[in-house]
Structures are given as structure tokens and as C-alpha cells.
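2 protein chains.
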Amino acid sequence: MSRPEMTKEYLESIKGSIPYEMKPFDVKNPNTSNFSTNKTTLPNKGIIRDKRVSLKEAIIQSGLKNGMTISFHHHFRSGDKTIKTVMEIVKELGIKDLTIASSSLTDAHNFLTNFINDGYVKALQTSGCRDTLGKFVSEGHCKTPMIIRSHGGRGRAIESGDLKIDVAFIAASSSDMMGNSNGKIGKSRCGSLGYGIVDAENANKTVIITDNLVDYPNKVISISQTHVDFVVEVEEIGDAKGIMTNEIRLSSNPKEEIIAKNVTNVITNTELFKDKFSIQMGTGGASLSVVKLLKKEMIDKNIKASFCLGGITGHQVSLLNEGLVEALYDTQSFDMIAGESIATNPNHIEISASMYANPHNKSPFVNKLDYVILSALEVDTNFNVNVITGSDGVIRGAAGGHPDTAEGAKISIICLPLIRGRLSCVVEKVNTIITPGHTVDVIVTDLGIAVNPLRKDIQDQLKAAGIKTITLEEMQKFAEDIIGKAKPIEWDYSKPVALIEDRDGTILDIVYKVKK
Amino acid sequence: MSRPEMTKEYLESIKGSIPYEMKPFDVKNPNTSNFSTNKTTLPNKGIIRDKRVSLKEAIIQSGLKNGMTISFHHHFRSGDKTIKTVMEIVKELGIKDLTIASSSLTDAHNFLTNFINDGYVKALQTSGCRDTLGKFVSEGHCKTPMIIRSHGGRGRAIESGDLKIDVAFIAASSSDMMGNSNGKIGKSRCGSLGYGIVDAENANKTVIITDNLVDYPNKVISISQTHVDFVVEVEEIGDAKGIMTNEIRLSSNPKEEIIAKNVTNVITNTELFKDKFSIQMGTGGASLSVVKLLKKEMIDKNIKASFCLGGITGHQVSLLNEGLVEALYDTQSFDMIAGESIATNPNHIEISASMYANPHNKSPFVNKLDYVILSALEVDTNFNVNVITGSDGVIRGAAGGHPDTAEGAKISIICLPLIRGRLSCVVEKVNTIITPGHTVDVIVTDLGIAVNPLRKDIQDQLKAAGIKTITLEEMQKFAEDIIGKAKPIEWDYSKPVALIEDRDGTILDIVYKVKK
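Residue numbers (the numbering used here), protein chains in the order written: chain W, 868 to 1383; chain L, 868 to 1383.
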């Protein structure tokens, strides 16, 4: 028998004896013999060696068309300039009916109302929004309801294909010509690119937008060239000072000091508070005050934490630098100190939003949390939490990692003032459920500590330590005895304006149009 | 209008107005209302908080069954102990007909012949094999042909789903209880886990096997807990000294010194040899001798390289430490020096096999190579290269990154002695094509330099520099005038024993059973 010709027929004839679906021929050229000795042209050696184009060229070459979905990250928060930069070119190119899937939207994005009115944007998918844009959405000006997902829920939606991104635009504080990029180097340092990483890895086309093009190879790779199609240089991607907003400050409010004391009492008097405990501290005023109190307890009792998770601030960086915590896992750097630390301290580790909280991967980091401290707009007597709609029903917040950490952590602690303005923050039924009550373990206000009845273990531990608790009903009554019951919001139930997606993709609640 | 009940029907009724495929209900519990206020049981807080099990338990719980595919990495090369450890338990459990998809197989895996004979293993997919196992495969003892893929081709096959891994077993020199793991810390340090990363991220179940369980959290994460199902502690995963085999040494052979001189002449007399050039140096004797010569030229001409790629040895680490190269991108650490460097030098960067060379991602690093130096068993006058079958037709090598870098690099240089034993290494037609001739630019032997006629640019540059070239036909004639033509191998063409897959999944060549 002579050596068989490698014809298609021959290859198919031996297919039966091999253990996989053979693809013997190039699908693009099914009639080509692939016996390469006959090839007389060179392969395109190195193929693409420079991905730099103008933003306009990137958008054109990405194939962006009417009706597609584009994505952004919100690591620059109020300082973001990238969505505007991109949308101006989208407008110039006359591309309409886009869905904007940003990891969140801030007051930097109020300009989008014009783009929605003019038909360039037909839908928003985001962790939340606020300010003029929140009001605009709540007044029913969008063609289709906004979809609100937690950070982990968004990671799940993207990785599962529920949220298909046609073109991701990723602002990066440094990139080389091939798209190796990060948020750690450059004048516009924002720290972790945790949200952008998921987009870059899963979008059909990925565009890196940078104001700091560095020589190849960029040695700090948060997003690798293997996921990037185009690199665009612009004047400025964002103002890193904008990542620190009012939400992130040390408390000076006396109510918050009481709340912080109560939170610290819960933590330090439960069994999980021991060497190598883990915690996410949140960024609200009260939760940050906890840092000071907790730090003292840790030093006094010689307890060191294993890791802090989530949005990372300078306060956790101090804990790391002082040896009170071993590692920080950072999906979003919340101030300039965190931004610098993640760039220089190998124990301050960048993680993607999927690593952080996608409930469908094999172990999101939220599942290893002992404690999480979270703030809220209102809670109800079923322990449900609302962090999205205000007392007027208008969207003015973001789900963030709230539902993710509440469900993952062994003890989730929600803290909020009992009364804000002329309203009780503990109500019979929250306007909008963002974090379901069965995932919430403790609610703390300036009036006291309420433990979810499902968590008898926590109640017992606090009781044994002499820490008093009260019920949410008692809190509600106390507040309403002073200020009365709030008037119910008048929604227009014929017009849903936002769907609240639970972490797993089910619909948890709906926000309706507010009546003006 | 009152607030609508969140019934399934209602959610479906508003589906038309929202821009995505809504999944309003848990697919597992379609009849459950997901309005979470009614839930009265706690979620499983933190779910899995410790993944440690015995190897036997891991295999049982992974659901491994007859006929499935398991995978391994070969970072320990001759020192690997993991495949044997796993296969002993597989045998104990009586699981049969497995396909072993290892990134490569070495002389540490000769024991597999028994497992094939006894029916535990029915097929092998690998970059190559050698020694007793290579002979065994070549003699036709496997039920189905072995599939040979390059490292990039394997990455592509795994990520595209062509190669579906049911259970990946990843030896790691350190891991925590959740599976955050690496090859950089611990007594069994092997350096980069470049091959294992792809397996871990894409396998249905991933088992980390470690002999160095560290406290949670392991702060150096090559493979993240988000991709790991089980963590298994064993006595020893491998002998890191085994990663340095005969292939990796500094040359002392005079023929190789001549070859190294020729290779250096090609590099230093082509236009790409300028500041910020990039290079993969291979691990063969001659290619390593090039380091010494090239280094001198770099210093003399004040030229610094931007990066070295691929299998990294102590020689490239020296270049990095001396500031002659900016960064090392390491998919496989080839000696203890490289293993230490990747653990400590932030400019020595671990990359996965997919980042290295998957031809279907957006830019594998091989595509940014200027030069690659590769060795070979034989070449033919069409510039095709064989690195798998010996002159007796027996499988005794591995494709490795050979076809990947030859195709990606701007100038691929293959070096080999003109005569080995009583045989010419330049022949009319290689026994087995691993790297197709149209991707090969220069072939260097101790007789001289041959440039692919397709690369007139290289020929011109060398001519301008006064470097003489000869043809492959001249080399072949010179050798055969001395030692005559080799007797053709007698294959049994009725029995294919190995299919050579090209990088894109097409079949490039077939190895047949050797006649004894």
C-alpha cells in the first residue's frame, strides 16, 4: 500500500477512528488542499502589528450599526469623559437606537437625555443612575425600560450571553499600540479596571481609549492585546478626582457615629470576628466610620483580617499598609490612594467584576466574605432593601455590589439613619426591592440593631455579649410616631421604566413612571 | 390602575417592550414567584467555603466516567508526577477509555503504555511524545490516532470547544483551600502555569493538585478560585529539577557554534535588528549559543530588545536583569532561574498558552515577534520542518510553539546540523510536516544560510551586508554526496497513528505505524 493522498475523502474515511469532530479543511476554503508544501504565498507575518486608529475609524471598522449594544465602565464615576466622547462621534456618524450598557451611570452622564430624545440611544442597562438622567428615566422618556443589574449580575449576564456587547469602549489610563492596558499608570489613573475587564473579554469588538499611549509592551496588563481590536488616543479619558464623590467620605454626622458604633458592636460581638476574618466595608458615611472603630478593636484584640473586598478606599489601604489585613481584592478603586496602592502594592489585587460577584462562576469572592457593611435608602420590615428609588419614586442610586455581597457574605449588615428629612427609612414595604430580605441579616439604624429572625445564631451571639436588639417594627413605629406615615408614591403602572434584575437574571422588581 | 402583580403572565406581557430576551423566572423553578419578600429561608451564605477533598473524592465528585477527556499540563516536563498520581486512582476506580489531553508528554509518562494496554486510556492528545511511549504509539498500540497540536493550536481547540475537557487536573506549587493557585511559590515551583491556565478556565470541572496548601487567600493568583471545583493535597506534584532536560543546555558542540554564528549573522544583518526588537530564542543547544553572541552585538551596537517570548530560560532572565530586554512573556519556565525570576520580577510576566499563540484570538503574542529561533529534526527543500518523527519514523518530539512562532514571527529561523549520524537533515521531503514551509523564512545549518525564496527582502538585506547564502538543494547535495540518500521509512499506511493538526484545526499531516 502506497502513502494515501491527503484528499478530503481520505481524511473523512479515517474520521471514524478518531475521537473528535475532525475539521480537516479550512472552512473558508473547503476546496483547498491543506498540504502546505504547495503553498507559495507567505502567511501575513505578524498580521496586525499596530491597532491605533482614530475613534471615528474604530467605530466605523467595528461595524457599529443602528440598534446595537455598546458598553462602558464607570471607574471614573463623576469624572468620566469617555461616554460623551464616544457618543459625539456616534452622533456624527448618525448611528441610532443604540443600547448603552454601562457598568453604571453617574451625574457625568446627564447629557445622555439629549441623545435619548434625539433617537441615538434607545435603551440603558446599568447598575443605576441618578441626577437629571435618573429623573428623565423615571419620567418615562426612554423607549424601553432601563435594566438594572448588580455588578455580579452584570458579569453573569455578559459571560452567559444574556447581555451581548457589540462594541465595548474601555477607557484605560495606559495602553500600548496593541491594547495591553490598565488603569494603574498615567495621569488619569483610576486603579482597578474590574468592570472593563469583563466587557473587554466578552465583547464582539473591543476598543481601548487612552490618553496615555506607552511604548510596546505595556508591562502591566489588566486587559490583554488578545482581547483588543482597536486602540484610540484621546486628550483625556476622565478626571480621576471624580472617582471620589460625596458618597465617599469620613463621617462627621452624629447619627452616623451612633450607627457606626452599632455596626461595630455587631461585628466585634459575633463569632466570625476572629483572626483571618474578611470584610467588605462599603463606601457610605457610616460604614467608613466603622473603619476607625473596628481598627481599634482589631488592635486591642490582636485580630488581623485576611482580606477586604470590593470598592476599595484609602481606609482599607491603611489597614493593608499597617499589616491589619493581608490582601485587598479590588474591583473598583474609590479614591486616589487606592489607585496608587493597586499600582504599587502586590497585595492590593485587581479582580474583575465576574471574579468579584458573578453568582454563576465557581466561587465569586463575595462568597468568602464574613461581613459586609452596606448602606441603603430605605428598608422594610421584611428586611428588603431599596438603594435605587427615592421617597419620590425617582431613580437616584445604584445596585452596585449590594445584592451580591448581601447574598454572599455570612453576615450582611445594612446601615441607614432611621429618619431622613421628614420620612422614616424603615417602612412596611420598600418602593423598590434591590436586595431581597432573605439575604439581609442585620439592619442597623441610629435607634438600634435589628436581626433577621432567620438568623437566630446572630441573635444568640449578640445576646450572649449583652448587645440589645430591637425589631424593625419597633423602629418603624418609633419613627412614625414622630413624623407620621409617608404618603404612598403615585406611580403610573401602565409604564414600567426600569426592571430590577436579580443576580441570576430573574426579575426582582419593576420601577414605574412617576406622576409629575 | 393598581400596581400589577408580578405574575409570569404580566412579566411576559411587558417583554415585548424590553430590548433583550427576558428570563423572568428561575429556569429551575419556573412556577416559583421570585418576589423575594415571601422567601422564608436563608440563601446558602457563602455556599462553598472550602474545596479540599481527597483525590479520590475529587474524581468521584467531578463525575468522571468512562470515555471522558481529562487534561494535564506538562510544566514539570520530565519531573511530572501528577499524571501518574491521578491515573492510579482512575485505575482504582475502574474508569476506562479515557482520552488524555496533556499539553505535552515526556519520558515521565512512559508508564501510560500499561494504562493504554489495560484499557484505561483509549486516546492521547498532546503537543508530542517521545521515548518508550512514542515508540509504543508509533507501533500502533493505541485504539485511535494520537492528535498532535501546537501550543497555540491546543489553546484554540480548547477555547473553541473542539477539545472539550471534562476534568482538568492542574498541578500547582501553591494553592489555598478555594483554588487560588500558581506555580511560583513552594518547593515544587515550576514558574509559569501558561498551559494549565487555559485548561482551568475552560474545563467542565477543574481540580487543583498541590503539595503546598497555603492560608487563604493565596495572593499570587495564576488560576483563580472562580475556575476551580476541587483542591487536592498530595505529597509531591513533581520534581522541579526535571523541567531542565538535555534539550536545554548551553552548547559545547563545535557544529552548533558554527550554526549559532550563522543565526546571529542573520539576525544582526537584517533591518529588524534595532532598538526594541523582539525575539523568541528556543531552547535547543544552538539557539541558546546565540544568546551569547547576540548579547555582545546588542551591547556593541547599543540595541535593547523590547521583549523575549515563549519558553524562558535563565539566559533570557540575565538579559532582563542586565537591562538588555524590557520584559519576558513566559508561557513555560524552562529552568529554576526562570522559575525564580517569574516569582519575583514584575517584568517577567506569565501568559497563558492562548495569549501566547492561539491563532484565533485578537492578537497572540507570537504575532508581535520579530525573530524566532527554532530547532528541527529535519527540513526539506520546500522549507517544511519536522520536529516529531525521527529518521526511523518513530515519534520522538513535540510540536510545541514551533508552528505558532514560525507563522507569527516576521523572521523565523530554523537551525539544525546538516548531518546527524549517517543522515542528511536536509531532505527532499520531510517524513512529517509540523511547520509548513511557507511560514519558514530562513534555515541555518553548519554549512550555511538558506533563505526562503519568498523572502526576497531578507535575501537582499543579507546580500547588502555581505552575508553569503546557499540553497537547500545545495545543502542536500553536499550532505548526500558524502553519506548518500537515506532509505525511505517503511510505514504501514493502513494504520494512521497520529494526526498532525495545524494551528487552525485543519489536518496538516498524518504519521503512520512503523513496520518493525
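There's no promise every hint is true.
One copy or two, it doesn't matter: identical chains are merged, so the pair holds either way.
As the list claims (entries may be wrong) - Keeping only pairs whose Cα atoms sit at most 30 Å apart, straight-line, the calculated DSSO-like set for lysine-lysine is:
hint, residue 1, residue 2
1, Lys1086, Lys1108
2, Lys1108, Lys1159
3, Lys989, Lys1323
4, Lys1086, Lys1054
5, Lys1229, Lys958
Hint data in this document are derived by calculation from the structure and do not stem from the laboratory.
Hints, verified against the model:
{"no.": "1", "hint": "Lys1086 to Lys1108", "result": "both (25 Å within a copy, 29 Å between copies)"}
{"no.": "2", "hint": "Lys1108 to Lys1159", "result": "within (24 Å within a copy, 49 Å between copies)"}
{"no.": "3", "hint": "Lys989 to Lys1323", "result": "neither (47 Å within a copy, 55 Å between copies)"}
{"no.": "4", "hint": "Lys1086 to Lys1054", "result": "both (17 Å within a copy, 27 Å between copies)"}
{"no.": "5", "hint": "Lys1229 to Lys958", "result": "between (41 Å within a copy, 28 Å between copies)"}
Going through the hint list in order, the structure does not satisfy hint 3, though it satisfies all others.
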